[in-house]
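Student: Could you put the whole structure together from the sequences, leaning on the hints where they help?
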Amino acid sequence: MIELAHFQLLSAGLFCVGLYGVLARRSAVLILMSIELMLNAVNINLIGYAAFVKATEAHRALGQVLVVFVITVAAAELALAIAIILRLYRNRTSVNLDEIDLMKW
Amino acid sequence: MLAPSVVLFYVAAALTIGGGLGVVMTRNIVYAALALLVSLMGVAGVFLLAFAEFLALVQVLIYGGAIIIVFLFALMLTRIEDFAHLSDHRQWPIAAVLAVATFGLLAAAVVETNVRTETERQGVEFARLGETLFAEWAVPFEVASLLLLVALIGAVVLVRSDGGRD
Numbered sequence: 001m002i003e004l005a006h007f008q009l010l011s012a013g014l015f016c017v018g019l020y021g022v023l024a025r026r027s028a029v030l031i032l033m034s035i036e037l038m039l040n041a042v043n044i045n046l047i048g049y050a051a052f053v054k055a056t057e058a059h060r061a062l063g064q065v066l067v068v069f070v071i072t073v074a075a076a077e078l079a080l081a082i083a084i085i086l087r088l089y090r091n092r093t094s095v096n097l098d099e100i101d102l103m104k105w
Numbered sequence: 001m002l003a004p005s006v007v008l009f010y011v012a013a014a015l016t017i018g019g020g021l022g023v024v025m026t027r028n029i030v031y032a033a034l035a036l037l038v039s040l041m042g043v044a045g046v047f048l049l050a051f052a053e054f055l056a057l058v059q060v061l062i063y064g065g066a067i068i069i070v071f072l073f074a075l076m077l078t079r080i081e082d083f084a085h086l087s088d089h090r091q092w093p094i095a096a097v098l099a100v101a102t103f104g105l106l107a108a109a110v111v112e113t114n115v116r117t118e119t120e121r122q123g124v125e126f127a128r129l130g131e132t133l134f135a136e137w138a139v140p141f142e143v144a145s146l147l148l149l150v151a152l153i154g155a156v157v158l159v160r161s162d163g164g165r166d
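Respectively, the protein sequence lines represent chains A and B.
Throughout the first sequence, residue numbering follows my numbering, covering 1 to 105 in sequence.
Throughout the second sequence, residue numbering follows my numbering, covering 1 to 166 in sequence.
Calculated directly from the structure, the hints in this document are not laboratory data.
Mixed in with the good hints there might be a few duds.
[As the list claims (entries may be wrong)] Label pairs and their calculated CB-CB ranges:
(1) Val150/B <-> Asp101/A: 55 to 61 Å
(2) Leu88/A <-> Ala66/B: 18 to 24 Å
(3) Arg92/A <-> Phe126/B: 44 to 50 Å
(4) Asp101/A <-> Leu152/B: 35 to 41 Å
(5) Leu80/A <-> Val30/B: 33 to 39 Å
(6) Ser94/A <-> Ala127/B: 33 to 39 Å
(7) Ala58/A <-> Ser145/B: 22 to 28 Å
(8) Ala96/B <-> Leu88/A: 26 to 32 Å
(9) Glu112/B <-> Ser94/A: 40 to 46 Å
(10) Met25/B <-> Leu97/A: 14 to 20 Å
These numbers were taken from a predicted model, which means no experiment stands behind them.
Every residue, glycine too, gets a C-beta built ideally from N, C-alpha and C.
Tutor: Printed below as a string of structure tokens:
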């Protein structure tokens, strides 16, 4: 029998994998991928609650609607971030974040 | 004897976590993009097991069809040879400790918290989902579409090589 805790633990695990990726990687593209992992971890949590929580169907639908918005905002964020990375690559020929230290004193 | 749904859940979870580990561990960035695809398809499987069929479909279409392609295009437009041997930031041991500690904290919170739940998972009907999204949440939906439009125009303006002042 699948329980809510399964979804929550999977979500926590995926979130922490993404967290490690954000903190440990140098390439901006890989950090973006790790952020996608973290957003998906949040989605798993929302979907888990939408399936299990004791509420009317109208309220449980809200969980799924929120996931639709998370996916939309993630897509918008990704398009802009890729554009910024391409711009950065054209100006600095590097996308390693520890080499982008123009504004660091 | 495990129920089939539990076995399927573990398979989907293993794909998700395994793909995620592939993204953060591999040295080749193209493999990382493909591992991300595996992970996101695992997430689609998890959505199916929670009876969120519409979102599983959206996940496959948007992530599998669009986002991975955008990543691969970004890798193609920046020079890909530079990425064949990635090196991690030197702070990676701290990152590993922090990630494991965060997981411990979240897992403890999950185990300790009692949520009033149904014993059996239930889906949401397509019609109900559409009604909620397009009637009750119509204004946020329109704002989201505006956000997408602005983001895409912004992306075009940013990458245009000769336009505007730098």
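Student: Check the structure against each numbered hint from earlier and tell me which ones fail, lowest number first.
Tutor: 1, 4, 5, 6
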